[in-house]
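Each residue of the sequence shown is one higher than the one before, counting from 1 in our numbering.
Read the hints as simulated data drawn from the structure, not as lab findings. Even for Gly, the Cβ is constructed at its ideal location relative to N, Cα and C. Hints should not be assumed to be uniformly reliable.
Said to hold, decoys possible - Each pair of labels, with its calculated beta carbon distance range:
hint, residue 1, residue 2, range
1, Ser64, Asp43, 28 to 38 Å
2, Glu33, Gln66, 13 to 23 Å
3, Gly65, Ser30, 36 to 46 Å
4, Asp90, Asp42, 30 to 40 Å
5, Ala60, Asp82, 16 to 26 Å
6, Gly91, Asp42, 40 to 50 Å
7, Gln46, Phe88, 13 to 23 Å
8, Glu97, Ser30, 17 to 27 Å
9, Glu87, Gln46, 34 to 44 Å
10, Val93, Ser31, 12 to 22 Å
11, Ser64, Glu87, 15 to 25 Å
12, Ile79, Trp23, 30 to 40 Å
Claimed, not checked - Using 30 Å as the maximum straight-line C-alpha spacing, the simulated DSS-like pairs for lysine-lysine come out as follows:
hint, residue 1, residue 2
13, Lys59, Lys77
14, Lys10, Lys77
15, Lys10, Lys59
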Amino acid sequence: MTTKFCVMSKVTFAHEVSILPLWSPFDGASSFEHAYSSFAFDDETQANAEAREEEAELKASVESGQLTDADDIMVMKAILQDDGTLEFEDGAVLTAEQIYSHFGIDLPPFYSIAKGP
């Protein structure tokens, strides 16, 4: 188990709000820590810098008319479990299945090993 600072996005589908990683897990990773390194950082300062950079890019896209709306972006502290589950300070839980299915990616081969029998 490892503490991570995750860059997350509030996403609305059919009037249902979900908090999900801003970027997809890396395909071809050998562990969840590597797979999630696109959005989960060891350092809160680095995660906040990534979030601010993404917010600025989204704001510029909205202002230029490329996007009509931008998702809310936030940094949330979580514990990364061995099976890819993220447990957040507020009690929310995101499983590897939820994260990967949101991005339309197959669960990695190491998932079955981490999940156990």
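_Quick check: does the Cβ-Cβ distance between Glu87 and Gln46 fall within 34 to 44 Å?_
21 Å, violated
*Check the following: the C-beta atoms of Ser64 and Glu87 are separated by a distance inside 15 to 25 Å.*
Since Ser64 and Glu87 have Cβ atoms about 38 Å apart, the given range 15 to 25 Å is violated.
*Okay, Asp90 versus Asp42 on CB: inside 30 to 40 Å?*
20 Å, violated
_Proposed proximity, Lys59 with Lys10 (alpha carbon, max 30 Å)_ = 15 Å, holds
_For Lys59 and Lys77, compute the direct alpha-carbon distance and say whether it is at most 30 Å._
Satisfied, since the Cα-Cα distance of roughly 24 Å is no more than 30 Å.
*asked:* Given a hint of 13 to 23 Å, does the C-beta separation of Glu33 and Gln66 actually sit inside it?
replied: 33 Å, violated
*Satisfaction of the hinted span 28 to 38 Å by the C-beta atoms belonging to Ser64 and Asp43*: 31 Å, holds
*Could you check the hint for me, namely that Gly91 and Asp42 are 40 to 50 Å apart, CB to CB?*
Violated, at about 22 Å.
_Hint check for Ser31 and Val93 - Cβ pair distance inside 12 to 22 Å_ = 20 Å, holds
_Verdict for Gly65, Ser30 (Cβ pair) under range 36 to 46 Å_ = For Gly65 and Ser30 the Cβ distance comes to about 41 Å; the hint holds.
*Does the structure keep Lys10 and Lys77 at a Cα separation of 30 Å or less?*
OK: Lys10 and Lys77 at ~15 Å, within 30 Å.
*Does the Cβ-Cβ separation between Glu97 and Ser30 fall within 17 to 27 Å?*
19 Å, holds
In this structure, the earlier hints numbered 2, 4, 5, 6, 9, 11, 12 are contradicted, and the remaining ones agree with it.
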